[in-house]
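Given the coordinates of chain P, work out where chain F should sit on it, guided by the hints.
There are 2 protein chains.
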Amino acid sequence: MNHIELEKVLPEEIEARSFELITEELGDTPLIPGTEAIVKRCIHTSADFDYAQNLVFTENAVERALNALKNGASIVTDTQMGKAGISKKTLAQYGGEVYCFMSDEDVAQTAKEQGTTRAAASMDKAAALDKNLIFAVGNAPTALVRLYELVQEGKLKPELIIAVPVGFVNVVQSKELILDLEEIPSIVAKGRKGGSNIAACICNALLYML
Amino acid sequence: MNHIELEKVLPEEIEARSFELITEELGDTPLIPGTEAIVKRCIHTSADFDYAQNLVFTENAVERALNALKNGASIVTDTQMGKAGISKKTLAQYGGEVYCFMSDEDVAQTAKEQGTTRAAASMDKAAALDKNLIFAVGNAPTALVRLYELVQEGKLKPELIIAVPVGFVNVVQSKELILDLEEIPSIVAKGRKGGSNIAACICNALLYML
Numbered sequence: 003m004n005h006i007e008l009e010k011v012l013p014e015e016i017e018a019r020s021f022e023l024i025t026e027e028l029g030d031t032p033l034i035p036g037t038e039a040i041v042k043r044c045i046h047t048s049a050d051f052d053y054a055q056n057l058v059f060t061e062n063a064v065e066r067a068l069n070a071l072k073n074g075a076s077i078v079t080d081t082q083m084g085k086a087g088i089s090k091k092t093l094a095q096y097g098g099e100v101y102c103f104m105s106d107e108d109v110a111q112t113a114k115e116q117g118t119t120r121a122a123a124s125m126d127k128a129a130a131l132d133k134n135l136i137f138a139v140g141n142a143p144t145a146l147v148r149l150y151e152l153v154q155e156g157k158l159k160p161e162l163i164i165a166v167p168v169g170f171v172n173v174v175q176s177k178e179l180i181l182d183l184e185e186i187p188s189i190v191a192k193g194r195k196g197g198s199n200i201a202a203c204i205c206n207a208l209l210y211m212l
Numbered sequence: 003m004n005h006i007e008l009e010k011v012l013p014e015e016i017e018a019r020s021f022e023l024i025t026e027e028l029g030d031t032p033l034i035p036g037t038e039a040i041v042k043r044c045i046h047t048s049a050d051f052d053y054a055q056n057l058v059f060t061e062n063a064v065e066r067a068l069n070a071l072k073n074g075a076s077i078v079t080d081t082q083m084g085k086a087g088i089s090k091k092t093l094a095q096y097g098g099e100v101y102c103f104m105s106d107e108d109v110a111q112t113a114k115e116q117g118t119t120r121a122a123a124s125m126d127k128a129a130a131l132d133k134n135l136i137f138a139v140g141n142a143p144t145a146l147v148r149l150y151e152l153v154q155e156g157k158l159k160p161e162l163i164i165a166v167p168v169g170f171v172n173v174v175q176s177k178e179l180i181l182d183l184e185e186i187p188s189i190v191a192k193g194r195k196g197g198s199n200i201a202a203c204i205c206n207a208l209l210y211m212l
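So the protein sequences, as listed, match chains P and F. Per the working numbering, the first sequence runs over residues 3 to 212. Per the working numbering, the second sequence runs over residues 3 to 212.
Bound conformation, chain P alone:
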């Protein structure tokens, strides 16, 4: 081809080889038992080893999330990208589906009326569903702030909150709020990093563990 040498790896082996390399490179980095598959998948999705340090899991969060998914919990995301990235086939096998209300006309209307973001308004719409829900927030800190309020007001009891918005305004704080909710299991990327890709990838890591 030219002077650039490609590693010979069969298509079906690329992912396994990637995880091997991640494991090698992590070396002795301590990971919480039972969370390794999730942390490594976040690194796989981002090539960013910061996720070995910044992911926080509340007690039994993974176990409780897996139970919820097994029992048909659905997932609510704050972006269409997150929704696109989640393995909807695997989720459907257990009876769950993925919701994203960000493009809904009524959500845009509510947000405008209340002077809030569509992300926050879409959490209200999700809270009105009569379902067991996992929230996967990869973009909007305002969604997390609204989730915090809904839980505090007794209007919502999520099975899990994946709190991984990315960014610069209230991102760090909104994640801390979620960690303050002692009754609600959460997986949080502390600091500024995260994203819709990370939100989807944590959902998929959980689904692949089933």
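Just so you know, not all the hints are guaranteed correct.
For chains that are exact copies, the list does not tell them apart, and a pair is met inside one copy or across any two.
[Claimed, not checked] For lysine-lysine, the following DSS-like pairs were computed, each having C-alpha atoms within a straight-line distance of at most 27 Å:
#1 114 with 10
#2 127 with 114
#3 42 with 10
#4 90 with 42
#5 90 with 114
#6 157 with 114
#7 10 with 157
#8 159 with 192
#9 10 with 192
#10 127 with 10
#11 127 with 91
#12 91 with 114
#13 42 with 192
#14 127 with 90
#15 90 with 133
#16 90 with 159
#17 42 with 91
#18 72 with 159
#19 72 with 127
#20 127 with 159
#21 91 with 133
Hints listed in this document are in silico derivations from the structure and should not be mistaken for laboratory results.
Just chain F, lined up with the frame of chain P:
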């Protein structure tokens, strides 16, 4: 609320405030004139300042991409997430649309028959379109390798290649291959980092510059 203090920013001002913070934090970091909006949007999407260092633009790549978009070029991505993230409304105003062939039955079939990846097979399907195309590859190095081959074989002449797959197997090399294509404008995230989110964000940065 509790001891955690949220910054007061109106919903419509969050993005501008984020870009202010990014600009502040970049300080004197040198950016190539004309590429600032793209680099900053990648940092906005990832909270990762590495993108100030690792993004490479071939000569006039941005200018040529903007011209292509103005003239109705379409975008081909290698993930549904990338497709979900691109501002399809803005693109449509200029006559373009977004294609992702990854879930197509015929692509899966071709990949199986040829022992290649669906990503590579989907590049062949794109090359058969009689259209001006920008490729936004955020996931699969095999897609970039196939694009390289198609260009070398004279079967494809993209308007731009956004080469930002993320990962560990042949990711670094596949990006170098694209930079070797002297005739084809490209925007490349050197190294392992990138992703569907970065691919979509570069497309959007270009669309917002129009």
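Exercise. Failing hints, ascending?
Worked result: As far as the earlier hints go, not one is violated by this structure.
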